[in-house]
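Protein sequence lines correspond, in order, to chains A and W.
The first sequence finishes on residue 372 if you use our numbering, and the numbering steps up by one all the way, no holes.
The second sequence finishes on residue 448 if you use our numbering, and the numbering steps up by one all the way, no holes.
Rather than coming from a laboratory, the hints here were simulated on the basis of the structure.
Beta carbons are placed, not taken as given, at the ideal position from N, Cα and C, and that holds for glycine.
Honestly, I wouldn't trust all of these hints.
What the hints assert, rightly or not - In silico contact screen, one side only, chain W against chain A (beta carbon under 7 angstroms); selected entries:
1) Arg98
2) Gly102
3) Thr214
4) Asp273
5) Ser279
6) Ala283
7) Ser418
Stated by the list, open to error - Capping the alpha-carbon separation at 20 angstroms, the derived lysine to aspartate or glutamate pairs in DMTMM-like fashion look like this:
8) W:Lys378 x W:Asp347
9) W:Lys138 x W:Asp362
10) A:Lys200 x W:Glu86
11) W:Lys199 x A:Asp131
12) W:Lys378 x W:Asp362
13) W:Lys447 x A:Asp311
14) W:Lys447 x A:Glu211
15) A:Lys228 x W:Asp362
16) W:Lys401 x W:Glu315
17) W:Lys249 x W:Glu230
18) W:Lys52 x W:Glu64
19) W:Lys175 x W:Glu86
20) A:Lys262 x A:Asp122
21) W:Lys395 x W:Asp362
22) W:Lys447 x A:Asp322
23) W:Lys89 x A:Asp122
24) A:Lys58 x W:Glu86
25) A:Lys228 x W:Asp247
Claimed, not checked - Restraint ranges, calculated between C-beta atoms of paired labels, are given here:
26) W:Gln100 x A:Ile75: 32 to 40 angstroms
27) A:Leu239 x W:Gln435: 44 to 52 angstroms
28) A:Ala70 x W:Gln100: 45 to 53 angstroms
29) W:Gln100 x A:Gln61: 36 to 44 angstroms
30) A:Glu211 x W:Gly317: 21 to 29 angstroms
31) A:Val150 x W:Lys172: 52 to 60 angstroms
32) W:Lys249 x A:Val109: 32 to 40 angstroms
33) W:Ala283 x A:Pro99: 23 to 31 angstroms
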Amino acid sequence: MDFIGGKLLQVVIAIAIFAAVIGIIMLVVDRAPKSVKDRVTVAGFLAPAAILMLVGLVYPAVRTSMLAFTDASGQGNGFDNFVWMFTQPEALATLRNTVIWTVLVPLLSTSFGLAYAVFIDKARGERVLKSLVFMPMAISFVGAGIIWKLVYDYRGPGIEQTGVINFIRAALGMDPKQFLLDAPENTLFLIIVMVWIQTGFAMVILSAAIKGVPVELIEAARLDGANAWQQFRNVTVPGIRGALVVVLTTITIATLKVFDIVRTMTAGNYDTSVVANEMYTQAFRAGEPGRGAALALILFLMVLPIVVYNARVLRKQREIH
Amino acid sequence: MKKTKYLLPVAAAGVLALTLSACSGNSGGGSASTASNDCSAYDTYGKHDGKTVSVYSTIVDVEATNLEESWAQFEKCTGITVKYEGSKEFETQIGVRAQSGTAPDVAIFPQPGLLATQARAGYLKPAPKTVSDLVDKNWSPDWKKYGTVDGKFYAAPMLANVKGYVWYSPKTFKDKGWQVPKTWDEMMDLTKKIAADKTMKPWCAGFESGEATGWPGTDWIEDVVLRAEGPEVYDKWITHQIPFNDPKIVNSFNKVGDILLNPDYVNGGFGDPRSILSTAFAQAGQPVLDGQCAMHHQASFQAANWPAGTNVAEDGDVWAFMTPPVDESKGTAITGGGESVGAYKDTPEVQAYLAFMASADFANNRVKLGGAISANKGLDPNNAQSALDKQSIKLLQDPKTVFRFDGSDLMPSAVGSNSFWKGIVAWINGSSAQQVTDSIESSWPKS
């Protein structure tokens, strides 16, 4: 109990310090002479965030970039880590897998999510149908990985199967399959897990966007004699373009960083490793922080254009409205 | 919608309560159930009332409870609270924590290679002289070497385990008229005989261990390198004086592959040879009890992996023989492992704790609780709780035994806890021994 008390006390003290700092800033800003008041106000309220950004984001980014050009003992080694990354078969497989992930997961999740959202739109029991698909979203990636590992579980022919899919295969008279061991299709079996999680997210956002498409437009299209597919292609999709971009880019970024699913299901073995997983393995398990940092840098460069694109689309939309 | 108004605070309070109780878990230190009031043996460690020492290691579950129990009296007499935390992710997390400045006071390293990485990075404090003297007194120079990095002594050995046992069911062997093999060739003959008998597979194996998948395979390879090529080659191999893809090492892979890659010889109760990779190492021995396989290669700690109530004895449900020598005239060679206790701080209470962990008192306390052994010379073999532990201690203390520390634990971590594990996985999954050893060789750090 005294332990809990200690923790609570720490929390209370931390909140008090936070409140005091904010209070002092407000006081100083308020007392500033009128002529420079605006500038002091802006600086006063931006400074804490800016400092935290510097300490928590800019500094680590710079340090990681520097680390990417050192070897295990901390000595500079030029571009060796990048040479390693683009020449070693193991590291190349990692890059290849990441590309496969980032192409397939956003496409599949968004298509499934969109199709589902369209089909259940205004259907009976829509809320129940929605929550069914949305539920995997509530499960952590690690949890999902463990669930699917059990689904893919393998026992030899003639032995009672413990995995769901191999159980069904056995019932149909097929040989059991080592889903997670057979490269290259095992990467696809991992991707299914991510799609399973992300479809719900895509569905919820897109469903909301579809409901935002003006009814008049759809009615006008119907009066013009458009069939369901034409209505969907020419009215619904253009109407939800903004939401589609957000969904696609968000899922792409999440996919580029995928780590937990790979780590819990195969730990990157059997040619299934991805950049984020390899970065962690190299930096912390193999004792090669330089290689880990180099991978982190590549990951950053891969994510950057998507973030920029996302921000630009969002800004454009705001300008229109 | 009115409901949510009071539901939200209730839910928030619930979450808060859960978080707090999760934080408070396991913070009280070891139970003091066996602690007595006699503190005379603990006078040397001094009084440190109200001080805490945080300890982090790979040891979890029952073994963690026993570990905490074995220093309960030390806590009581010195006033030190030992805050223990065990994690199966230790090997990776200790690096993360040291780099982020949240290192524990003391870490119990299962691998000298990992210890060396941490020491060279400048995170670890050299061991105090009292600890160094205790280690000189209680262990052979070989063991002290495992805690020494670049000539500086950092960590005292703690417990030990003996690797390379082959577990079998004495009853099955008796019923079938099979003999415990004395040489590698006899073992292969027996394997052939069991396979021909067709009632069960000769071997079962499992290498799945989360992100560490593959490590039980490194034990197999090390056992064979030591037995087939001798201790000199073994020492050269682990220190990279001969390359990892030396023909002698490739031969050892193939010798193990004769068993593990043969679908007629493995994998009882689980499927084809590749099912070794998807079978958790702790469950892999189970089919020995179910009569689906005859033998299972695993270290002495397998005794704890059998289901509760299994009688581990020469005439019980399961028993083990040491992986036999290739050439009987060369005597017994065994591989084994052990933990080293290293410190990230050098406060007086940490030094007192280190001294206690290096003492014979700790070794005797812990071994009495069962399921553990130590190479500490001050350990009384009669304190061992099982016949197997007694046998293992005798093997460790016998001067005629050729003992070598687990090779992958001594190699640099880029190999020992990364490419060697991955190599074993690729090898069982179909790559050739030559391909795998070439790839491991290329991952050996250049400096």
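Against which earlier hints does the structure fall short, listed by number upward? Of the numbered hints, 1, 2, 6, 8, 10, 11, 13, 14, 15, 16, 18, 19, 20, 22, 23, 25, 27, 28, 29, 32 and 33 do not hold.
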